[in-house]
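Chemist: Listed below, chain by chain, are the residues.
4 protein chains.
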Amino acid sequence: MVGYAFMGAAHSQGWRTAGHVFDLPMRPVLAAVCGRDRSAVEAAAAKHGWAAAETDWRRLIERDDVQVVDVCTPGDSHAEIAIAALEAGKHVLCEKPLANSVAEAEAMVRAAEAARTRGQLAMVGFNYRRVPAVSYARKLIEAGRLGALRHVRVTYLQDWLADPEAPLTWRLDRERAGSGALGDLGAHIVDLAQFLAGEPIAGVSALSETFVRERPVLSGARAGLSGAAGSAYGPVTVDDAAVFTGRLASGALASFEATRMAAGRKNALRLEINGERGSLAFDLERLNELSFHDHSEPAATAGFRRILVTEPEHPYLEAWWPPGHGLGYEHTFVHQARDLVLAVAAGADPAPSFADGLQVQRVLAAVEESAAKNAVYTPVPPPDAPRA
Amino acid sequence: MVGYAFMGAAHSQGWRTAGHVFDLPMRPVLAAVCGRDRSAVEAAAAKHGWAAAETDWRRLIERDDVQVVDVCTPGDSHAEIAIAALEAGKHVLCEKPLANSVAEAEAMVRAAEAARTRGQLAMVGFNYRRVPAVSYARKLIEAGRLGALRHVRVTYLQDWLADPEAPLTWRLDRERAGSGALGDLGAHIVDLAQFLAGEPIAGVSALSETFVRERPVLSGARAGLSGAAGSAYGPVTVDDAAVFTGRLASGALASFEATRMAAGRKNALRLEINGERGSLAFDLERLNELSFHDHSEPAATAGFRRILVTEPEHPYLEAWWPPGHGLGYEHTFVHQARDLVLAVAAGADPAPSFADGLQVQRVLAAVEESAAKNAVYTPVPPPDAPRA
Amino acid sequence: MVGYAFMGAAHSQGWRTAGHVFDLPMRPVLAAVCGRDRSAVEAAAAKHGWAAAETDWRRLIERDDVQVVDVCTPGDSHAEIAIAALEAGKHVLCEKPLANSVAEAEAMVRAAEAARTRGQLAMVGFNYRRVPAVSYARKLIEAGRLGALRHVRVTYLQDWLADPEAPLTWRLDRERAGSGALGDLGAHIVDLAQFLAGEPIAGVSALSETFVRERPVLSGARAGLSGAAGSAYGPVTVDDAAVFTGRLASGALASFEATRMAAGRKNALRLEINGERGSLAFDLERLNELSFHDHSEPAATAGFRRILVTEPEHPYLEAWWPPGHGLGYEHTFVHQARDLVLAVAAGADPAPSFADGLQVQRVLAAVEESAAKNAVYTPVPPPDAPRA
Amino acid sequence: MVGYAFMGAAHSQGWRTAGHVFDLPMRPVLAAVCGRDRSAVEAAAAKHGWAAAETDWRRLIERDDVQVVDVCTPGDSHAEIAIAALEAGKHVLCEKPLANSVAEAEAMVRAAEAARTRGQLAMVGFNYRRVPAVSYARKLIEAGRLGALRHVRVTYLQDWLADPEAPLTWRLDRERAGSGALGDLGAHIVDLAQFLAGEPIAGVSALSETFVRERPVLSGARAGLSGAAGSAYGPVTVDDAAVFTGRLASGALASFEATRMAAGRKNALRLEINGERGSLAFDLERLNELSFHDHSEPAATAGFRRILVTEPEHPYLEAWWPPGHGLGYEHTFVHQARDLVLAVAAGADPAPSFADGLQVQRVLAAVEESAAKNAVYTPVPPPDAPRA
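Residue numbers (the working numbering), protein chains in the order written: chain A, 53 to 440; chain B, 53 to 440; chain C, 53 to 440; chain D, 53 to 440.
The set of hints was computed from the structure by calculation and includes no laboratory data. Take these hints with a grain of salt, some might be off.
Since copy identity is lost for identical chains, a pair holds within one copy or between any two.
Below 20 Å or equal to it, Euclidean Cα-Cα: the simulated SDA-like pairs (lysine to any residue) are [what the hints assert, rightly or not]:
hint : residue 1 : residue 2
1    : K191      : P80
2    : K191      : D401
3    : K191      : L82
4    : K99       : P374
5    : K99       : E217
6    : K99       : P80
7    : K191      : F58
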């Protein structure tokens with residue numbers, strides 16, 4: 053694993069746990085973790101249960117005891133590390149967003165395709181697909197329980213930037229993070245919309261905004277930030293929020309909102325999908341629940357059902373606890389680890405693929421283009437569009 | 053009152069009840085109701101408690117026992133009736149949307165201004181401003197409890213057209229209704245956004261869609277519909293749904309959705325407003341509740357409060373029942389009647405004014421223009437923009 | 053109508069409105085209202101729309117223009133007025149609880165039975181049966197959708213006495229009110245349990261408590277209170293809260309709680325019923341909603357449905373507004389007026405009958421007896437038990 | 053660890069994870085797990101990460117590499133194993149309920165007291181105290197945010213026995229399980245009531261019921277059940293449900309319900325506590341949320357707040373994920389492991405103690421006694437009552 057901050061901790065928990073909960077044909081071994089600061093990475097290795105620590109990711113991917121490289125760094129290094137790891141013969145799991153640009157993402161897809169011919173797998177970490185309620189939502193849609201889709205609406209609301217004095221971090225720096233709420237939160241909701249609908253977004257119209265343009269620079273964090281040279285306040289070079297609408301390939305209307313300025317909303321990834329035959333709703337703040345409306349039910353007894361997605365019949369749940377004993381955020385990483393192990397054992401393609409990650413990147417690029425051009429409707433190249 | 057269908061019944065309940073609940077300086081008398089079909093209008097008069105029935109609205113507005121004309125007809129006749137009533141010296145309450153076009157709305161504002169010099173009042177029926185929770189939300193925003201606004205998101209979701217075999221009615225006919233979900237539902241949410249924020253929408257970017265383009269013609273309803281000449285199916289000439297984003301004058305981002313195709317959502321006018329210091333949320337399906345997050349509260353005890361807006365301190369509530377004994381949809385019309393009576397007694401301007409109705413119309417026109425031009429961001433003329 | 057305070061206002065709204073909303077064979081006329089203070093009752097008559105005012109209920113029940121006497125006084129006068137009205141040949145609607153004692157209630161049932169032979173009707177005002185969601189819950193249970201009942205749990209939580217400085221009123225005086233939370237709130241939940249289950253409560257075990265034993269005496273209210281002679285504080289002679297368990301005739305377990313000390317709960321009449329085949333839940337603070345779990349649904353898609361009880365298929369709703377346009381507290385009184393008018397027109401027995409009211413009284417008496425005897429399980433005489 | 057079924061799996065997850073998430077002075081090592089069937093226990097050891105397997109718990113507690121014995125067996129063996137482990141010089145964590153009888157629990161407390169003089173610790177596994185929302189609720193009550201307590205109501209509703217054909221297991225056998233819903237679910241809610249209120253239950257009045265008295269015998273499970281000799285159906289010898297009321301030492305009224313027959317409720321441990329100054333509510337099915345009503349807030353802005361208990365200021369949360377990224381059921385076991393490790397390292401008494409477990413047992417015994425004696429109010433010996 054490369055990187056050991058928030059995402060690294062979450063991935064570690066996934067790798068450590070998957071083999072103890074699921075019956076897997078291979079059990080993951082936490083071979084080595086990599087970070088630039090030796091004492092910090094060694095402390096992280098000890099804490100998170102990795103057998104060894106490296107300070108150069110190039111050394112990590114050369115190790116013989118490493119079969120899978122898990123990339124948990126900021127977006128600006130995804131492409132370089134992931135491509136090198138694939139070229140070094142490793143399977144790769146790369147955190148989302150796949151890259152900071154379409155060009156990088158395309159290069160990563162090419163590398164993944166080449167590696168695939170050698171039997172290697174590549175997967176992008178859109179972990180929310182693996183919330184059981186979300187997985188099950190996809191199953192219901194796949195089974196036709198919603199009929200023709202009419203509406204997809206997804207918001208991802210957080211509030212850690214609502215306070216104008218919240219400090220600058222690498223996440224507010226365009227060079228490191230690529231974009232702001234859009235790449236961080238928007239990537240998730242774009243992926244979920246396409247995953248759940250089972251079809252790509254065809255075009256978008258977008259507005260974005262940076263409400264607070266300067267924020268206090270934390271002395272310790274200063275080095276890692278571009279454009280923050282010694283002053284008390286530094287520029288925010290990414291968006292605080294983006295709102296966009298779009299059309300799915302089938303013609304359904306979609307709306308999206310990603311923001312870090314929604315006071316009181318901590319992790320409100322909320323989605324609702326309406327179809328001719330039914331509707332689904334989900335809120336990540338209540339991740340064990342799925343709301344389902346069956347429009348074929350007689351009107352007098354119809355209504356959104358609060359399904360506790362904790363039954364053995366639900367995805368992933370057979371291995372966990374009895375009904376009603378809910379899971380949490382980190383379980384998505386356990387499921388991700390499990391699914392990648394199963395794919396490796398079976399030699400099967402895991403999902404979401406790097407191509408799925410590229411498609412998200414294309415949508416985000418179209419969003420940025422539309423936002424820059426007075427919100428004009430901007431088509432998104434389809435999945436089979438030629439790559440540069 | 054002109055018109056006696058759904059809106060006429062609701063307004064009647066408001067006029068009949070206001071004087072028995074609130075202590076008013078003048079008590080409304082239900083003098084006469086007007087409709088084209090004599091036996092139907094006489095039945096309506098008897099049922100809803102009107103003393104007389106007329107079949108020609110021109111006769112109604114000539115009656116000496118009429119001081120207020122309440123226009124509850126479809127949008128295509130609002131301008132003609134309201135202007136004539138104002139010219140005849142009556143106060144006018146006109147259902148929303150104010151008109152089917154900006155030009156009509158401008159003419160109505162001109163008529164209202166002229167009438168105002170003669171002491172007459174004109175009010176447009178955006179009744180949801182008078183849900184106590186909505187009125188109270190405005191008070192909290194006005195008092196600065198949200199600080200600088202960042203986000204306004206409002207959806208109005210219904211599902212009575214989710215079934216593709218739901219029949220054609222006048223509401224699906226552009227000539228009668230002006231537009232579809234946009235004018236019917238969108239007008240409400242545009243008004244609420246501007247009312248609550250206390251500022252106009254500066255521009256919009258929009259997509260709209262008619263998912264079901266032909267619907268069965270009910271034989272009885274056929275006559276009233278343009279373009280439905282004897283065939284079993286007739287064309288739907290309005291939008292089923294519209295999604296749009298925008299900016300408020302202050303720079304806050306806004307998103308809107310109006311649809312009649314959201315299976316399972318019956319009357320889901322949902323709004324959330326996020327500011328630097330707090331947030332508010334409301335759902336018309338739970339109209340006695342307001343959610344309020346105070347961002348100045350310590351994080352450990354902060355959270356959205358479910359305020360039951362049924363305390364005597366809340367707008368309109370002193371006259372109603374004890375705390376927790378909720379009100380319903382129709383109470384908005386009782387409050388509307390009360391407020392207009394108070395305005396008449398005081399000679400004060402009621403709100404929302406015809407100018408407020410015009411401003412909504414301008415937003416809706418910009419939405420339609422944007423939707424027709426690839427969603428390009430389309431500015432809305434400000435309230436003080438010159439009128440044609 | 054006798055009495056014109058809170059209940060009088062609510063009943064007036066019911067009588068005034070029923071004929072304008074429902075198609076009734078007879079339209080109620082608000083003939084006369086009665087109260088002891090002439091100027092106050094005349095003001096009430098004017099405000100609430102009654103044609104005449106009386107200061108002696110004996111005069112009221114002699115009036116030829118009165119066919120129905122609606123008793124809205126405190127419980128200590130119910131028996132005397134209702135029996136006299138029945139003897140005077142009137143139909144009677146009596147507010148709940150039917151009486152302050154079983155003996156009074158028995159006398160009222162006898163009077164009602166005698167009057168029935170003369171074609172007169174008697175009904176007790178358990179208005180919450182007429183919340184559409186509650187009516188519909190009964191229909192689902194009657195149709196067997198819950199199967200054999202296992203559990204009934206009902207709480208009625210208010211908080212207007214949470215503050216120890218809340219003043220004494222007649223409701224805290226045993227002579228006037230009979231009991232405290234038990235008679236006021238407990239009567240409702242006992243009636244609802246028996247109504248919904250369709251069977252009587254067989255026995256109970258109870259604890260009750262008066263947490264605040266002295267409260268400030270309001271000078272204006274002093275005269276009407278026993279035991280509050282001039283002092284600044286007077287004794288509370290009723291219960292603040294009662295909790296009790298019980299068994300229904302079929303063996304289902306039941307639990308009940310009535311309190312005025314539940315800070316933050318304004319009108320939380322919450323009920324849940326679990327049966328072998330399904331469950332229902334309801335909260336009066338969200339009275340347009342009913343939660344229904346169908347246990348025959350596959351586990352993966354099962355869950356409590358939030359039914360918006362606003363469809364034309366639901367009880368009373370055909371006459372009201374479109375789906376999702378909710379009703380409020382006072383509509384229960386409109387429905388009560390409608391149902392009594394229909395019963396009178398048809399010469400049919402209305403429900404709940406005085407016998408139903410007596411049965412509630414028997415349960416409340418058993419609760420008090422159990423509370424006085426160390427909570428020992430105390431049988432309730434069945435509906436067909438001999439009366440004194 | 054002794055036992056490796058549901059509880060064993062959950063405890064293993066706790067022991068495996070605690071040291072990787074929290075900074076602990078000692079890191080737990082999973083030395084050995086014990087079960088009677090060698091191949092099964094070896095499989096469990098491999099799966100759950102235990103270094104060794106034993107088939108005799110007496111051998112386990114003799115091992116030198118074992119410092120803590122975690123007892124996860126059915127209740128009938130708790131006393132024997134825990135006492136022996138304490139006598140063997142080990143720290144002991146014992147699953148709830150502490151024992152199947154007061155006498156056993158008393159013996160365990162004596163053993164714990166004796167061991168304490170030798171520096172050993174004993175803790176009982178009421179894991180729900182360690183849901184962060186519950187821990188935080190205790191802090192709010194301790195800080196006086198609720199004032200004098202008036203009401204405690206707690207239900208624990210499950211539905212896995214709603215189906216009369218659900219099979220017999222050891223949990224339905226009095227000899228193994230001690231009691232039914234009462235000991236399994238009731239123990240939790242009794243402990244939580246006493247923990248949160250910070251005071252003991254003084255007395256109870258109870259009803260209990262076995263609705264389904266015979267259930268199908270699974271052939272594989274037959275051996276472990278008393279009274280199920282070869283027949284297709286065997287007797288249920290424990291309660292399906294119990295409802296009880298009580299008084300806390302301070303005089304607050306309490307009500308409780310434990311059932312496995314509440315169709316649609318999967319793990320609905322719901323509690324609400326009302327005090328003079330505020331109220332709290334919690335539902336285990338939404339375990340990341342706590343509802344708090346501050347009664348000192350002005351009425352117009354007061355209401356139950358939905359606190360997402362995921363802030364770094366909340367108990368245990370500093371070590372986990374960012375705000376809004378919720379935890380699940382198993383985290384209670386991680387927290388339990390952490391707290392016991394910290395207690396061992398500090399030589400401090402962990403809570404809940406065996407004495408706390410005994411006090412719960414006394415309440416459960418009083419419940420059973422009351423249920424057997426017509427629900428008569430049955431005092432519970434106070435914590436300082438002499439032990440047999």
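Chemist: State for each hint whether it applies.
Modeler: Hint check results:
1. K191 x P80: neither (28 Å within a copy, 40 Å between copies)
2. K191 x D401: Classified as within; 19 Å inside a copy, 49 Å across copies.
3. K191 x L82: Neither: 32 Å inside a copy, 38 Å across copies.
4. K99 x P374: between (30 Å within a copy, 18 Å between copies)
5. K99 x E217: Cα proximity of K99 and E217: none, with 32 Å in one copy and 48 Å across.
6. K99 x P80: For K99 and P80, the Cα distance is within 20 Å both inside one copy (17 Å) and across copies (13 Å).
7. K191 x F58: neither (30 Å within a copy, 28 Å between copies)
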